[in-house]
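Novice: Here is what each chain is made of, one letter per residue.
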Amino acid sequence: MIRALHEQLKAQEITALSLAEKHLGVIDEKDSEIGAFLTVTAEEALSSAARVDEKIARGEAIDLLEGIPGAIKDNMCAEGIRTTAASKMLDSYIAPFDATVVSNLKQSGATILGKTNMDEFAMGSSTESSAYGKTKNPIDPTRVPGGSSGGSAAAVASGEAVFALGSDTGGSIRQPASFCGIVGLKPTYGRVSRSGLIAMASSLDQIGPFATTVEDAAIVFSRIAGYDPKDVTTTQSNDKRFENYLSGDMSGLRIGIPKEYFSENLDKRVLSVMEKAIERLESLGAILVDISLPYTEYALPAYYIIMPSEVSSNLARFDGIRYGLHVDDRKERMDGNGTLLETYLDSRAYGFGEEVKRRIMLGTYALSAGYYDAYYKKAQAVRELIRQDFSEAFKKVDVIFSPTAPEPAFPFGDKTQDLLKMYLSDIYTVTANLAGIPAISFPIGTVLEKGTSLPVGGQLMGKWFDEETVLRAAHAYETDK
Amino acid sequence: MLSKEEVEHIAVLARIGLSDDEVARYQKDLSQVLDFFKELEAFDMPPEETSESVPRKKNDTREDRVENFPSHGRKIIMDNMPERKEGYVKVRSVF
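Sequence lines, in order, name chains A and B.
Per my numbering, the very first residue in the first sequence carries number 1; after that it's consecutive.
Per my numbering, the very first residue in the second sequence carries number 1; after that it's consecutive.
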């Protein structure tokens, strides 16, 4: 889609301004229903698009992403723009600088339409924990779009944006991509700078693109990846344009099928979609290899120890002093006699939602004296063994294929009363974050539920820093007729 | 299940004020997730130290020098702080 728009822009069949206006129009028309956006930056979008048109008028060459309208998850800072992470804690927070990914997009000339809804501080699998209301799944408005990057996924699936950025700590790009029938890529840990991303769990978080096609995801990914002195975990500079390496061919590619990802948690209908997809991979010339990732069963409990532990430290900065919200709600404190501790307790009580409080407390508990060895240390050991599982598997195969999520999009309220049911949504995605490997979710079929065809995503996981093979395989699958 | 006192203690460590209702709810919720953690009890710790998941690389360091931060940057940072006095951040006394 991006390439076609780019050709039209170059040929002056359309202008970047008219493209921006068209997408702002779609947002106007649809977003009161869908609720993908928290902030629409129409003025900035139009002036940025106008600059692209001036460039074209001057006969200058433009990049593939120039003038292409995209959206950004509201946990990434954009200078001068309200950035909330969907929390009351940051209700009035205006970001003082651009996240590196935002500055990359600006340098590429992309048109930024606005900031999208999400689970509060990216904690959730349905976008229901946002302090600013629901985002509906564009395929079926009675269902969740997935989470935590539900707004970004819904913006792309509804046609409001051509692409969007999300962040993925345990599946928050891939699961909503699966639920909304689009493509979502979580890059290798350290591939994309996290500078300016409001941190959830710093050793797991990674920013990546949503798009309607694998090629579009590759185009966006190529422009946000690379070394950044502001994020010491970024290790490699990137001048590769991954969209130029999508050959459409996967013959001879060795694809691992991990038996642990086809457990009883998997919806039977999703299983049957998966079986058809596996047959199709084989018919495209891939060599299927049965593999085992034996430590998979410990991944989810290890994730739900490591992630909240990092959450409890990262969210300590929200103190009721520096980031907009300040609450002193008891009478005796109003006269100025309160203490600093009371400022913390009250501001955080008011500013954080239920799930955020739960995870901060879980992490505080897991890291406290006496429990550190029993929980955190053990979870880190599991994490290393999961990494070794993948390392061993990748000696035998090039990529690994699994379902993205155990089921298609579920109705609102379905899991909000049962924590563990919600946490199970991440069962097939957390391993890639724990190991730090790249993984993509792309549409592989649908299941029929109550008269609606709900999308199902397949996940391809690759070797560290080998997004190229993951993208190439997903693209070959997608473009096979 | 976690006791009322345990949840209250964790909440203070986490700097989160809780109402009595919330304490009761988190007793139940946190206990449910902690039970889930117990699945790791079946897992035997490997003998050697294996806790290094983030690949190590040499630390990036930079020269320690003062860089001029643009004044509009200072303003936008300060504007995010609700309690200010004479260009400083105002906080409550520690005790």
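Just to be clear, a hint being listed does not mean it is correct.
[As the list claims (entries may be wrong)] In silico DSS-like links for lysine-lysine, alpha-carbon gap of 30 Å or less:
| # | chain 1 | residue 1 | chain 2 | residue 2 |
| --- | --- | --- | --- | --- |
| 1 | A | Lys106 | B | Lys4 |
| 2 | A | Lys88 | B | Lys75 |
| 3 | A | Lys10 | A | Lys55 |
| 4 | A | Lys421 | B | Lys4 |
| 5 | A | Lys450 | A | Lys415 |
| 6 | B | Lys38 | A | Lys88 |
| 7 | B | Lys38 | A | Lys415 |
[Said to hold, decoys possible] So these bits of chain A aren't anywhere near chain B, every CB distance computed over 10 Å:
| # | residue |
| --- | --- |
| 8 | Ile14 |
| 9 | Glu21 |
| 10 | Val40 |
| 11 | Val232 |
| 12 | Asp267 |
| 13 | Ala366 |
| 14 | Val382 |
| 15 | Pro406 |
| 16 | Glu449 |
FYI, nobody ran anything at the bench for these hints, they're computed from the structure.
Source: prediction; values computed, not measured.
Positions of the beta carbon are idealized from the N, C-alpha and C atoms, including for glycine.
Novice: If a hint holds in the structure, say so; if it doesn't, say that too.
Specialist: Status of the hints after comparison with the structure:
{"no.": "1", "hint": "Lys106/A <-> Lys4/B", "in the structure": "51 Å, violated"}
{"no.": "2", "hint": "Lys88/A <-> Lys75/B", "in the structure": "22 Å, holds"}
{"no.": "3", "hint": "Lys10/A <-> Lys55/A", "in the structure": "10 Å, holds"}
{"no.": "4", "hint": "Lys421/A <-> Lys4/B", "in the structure": "25 Å, holds"}
{"no.": "5", "hint": "Lys450/A <-> Lys415/A", "in the structure": "19 Å, holds"}
{"no.": "6", "hint": "Lys38/B <-> Lys88/A", "in the structure": "33 Å, violated"}
{"no.": "7", "hint": "Lys38/B <-> Lys415/A", "in the structure": "22 Å, holds"}
{"no.": "8", "hint": "Ile14", "in the structure": "35 Å, holds"}
{"no.": "9", "hint": "Glu21", "in the structure": "29 Å, holds"}
{"no.": "10", "hint": "Val40", "in the structure": "21 Å, holds"}
{"no.": "11", "hint": "Val232", "in the structure": "5 Å, violated"}
{"no.": "12", "hint": "Asp267", "in the structure": "21 Å, holds"}
{"no.": "13", "hint": "Ala366", "in the structure": "8 Å, violated"}
{"no.": "14", "hint": "Val382", "in the structure": "6 Å, violated"}
{"no.": "15", "hint": "Pro406", "in the structure": "16 Å, holds"}
{"no.": "16", "hint": "Glu449", "in the structure": "28 Å, holds"}
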